[in-house]
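Residue numbers (this note's numbering), protein chains in the order written: chain A, 1 to 258; chain B, 1001 to 1173.
Be careful, since some hints might not be right.
Computed footprint of chain A on chain B; a stretch qualifies when at least three of its residues, placed anywhere within it, have a C-beta under 8 Å from a C-beta of chain A [to be verified]:
#1 1009-1018
#2 1124-1138
#3 1143-1157
No lab work stands behind these hints: they were computed from the structure. Cβ coordinates follow ideal geometry from the N, Cα and C atoms, glycine included.
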Amino acid sequence: MNIPDETLMAYADGELDSAARTEVEAAMHDDPQVAQRVAQHRELRARLQQEFAVELTEVVPERLLAAVRTPIPAAGSKIVDLEEARSAMAPRSWRTRSYKLSWLPVSMAASILVGVGAGFLVWRHSDSIIIQNAGDRLVASGSLARGLSNQLAGDRAPASAVEIGFSFVAKSGDYCRTFTIADAAGSGGVACRRGERWEIRVLTQPGSVGARGSEYRTASSTLSPAIVTAVEELISGEPLDRTGEIAARKRAWQAAGR
Amino acid sequence: MNTNGTAENVHEQIVALLPRLRRFARNLTRNPHDADDVLQIALERALLKLDQWHRDARLDSWMFKIVRNAWIDELRSRGRRDLIFTGAEAGDHVGDASLDREVELMSVQSAMGRLPEEQRTAVSLVLVEGLPYKEAAEVLGIPIGTLTSRLARGRDALQAMLAPPQGTAHEHP
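Working from the sequences, and respecting the hints, build out all of it.
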């Protein structure tokens, strides 16, 4: 009998239709070598299943459970992309007020997003939610929140989508940090720590700040004038140095004296 | 499109899949830390496009695919270093395996780790995770014939690494 080994393998894996199965079984009956080969395929499969079964009993880390359970927006809201968010927001009353929420600005000034009012908004980056609405304000989530909490200025973890420009203490006493989003030229902003959240104070539109010489360069990143202006308004004193950042991170960015 | 009721249900189904997803991610990355990082990224991505999951499709296959894509993206951003090393190293080991006495003692896990990436993912999906060929081929985005040949080569390599020396291979207690 001349049955290809791949067919015997497929038989052992239960992948053959009944006609092919009958043929293999006849061959197994006639030829001990065929039967033995099928047995080897079955054994290997059983052995792999058994050896790897132990990994299923391990405790799943909290952060993975949280990744599934926590980023879900409040009941009734949907995860949407920017375009959808904008149209969904259109009928809201705040839009008739003076807020000018323009995510696709024609000018630099319009690219700043400050003081966003109520309304649901989510910003995706590389298929991950990095900014979402929490009640009346925007907060960082996902990789952006992790980067803000964990990364030091100028450091960029291999898998991180975020780069931290610098950190500073705001006049309110809160810690704030500038950030840029990798692979989204010029997008970035300022986030300030309030309680357990990173609130977004300023956000610049991806692509609105091109490599046209219209940006300021700092040691480790490129900041749009919008961010620089916002920092100048917020900042109290000088940006933190590395030691200051490490100390702030140690206290989970909780404002001093509270 | 998902409704709130089913969406919640799907989240819990994904939670229930986490041990398997972790195991798959480990076989994929061969590093538990990378595995958890990649899985976390994959989970975030999956939640964003839950509405793209068709309820008649297998959720595990869909998730495996997202995990694998997340890992491919990660490797790309690392400049393909790992992919290149994997191919060269594993090839060497597989060639030597049947001649090498010490392979007798090799654990299944380390034998898996020595397979080239293509074979490892095929073996992992079909033999460890128990996916049908068709599902595994879809996860990997390859024709079923390609999957079958990767699986066959992976099996042969594993058998060579795990089998006792010639002559005792057929004996079983």
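Going down the list of hints, with the structure as the test:
Check result for the region 1009-1018 of chain B against chain A: holds, 4 residues qualifying (beta carbon to beta carbon below 8 Å, three or more required). Coverage of the region 1124-1138 of chain B by chain A holds [criterion: at least 3 residues with CB-CB distance below 8 Å; count 6]. Look at the region 1143-1157 of chain B against chain A: 5 of its residues bring a Cβ nearer than 8 Å to a Cβ of that chain, three or more, so the hint holds.
No hint from the list above goes unmet by this structure.
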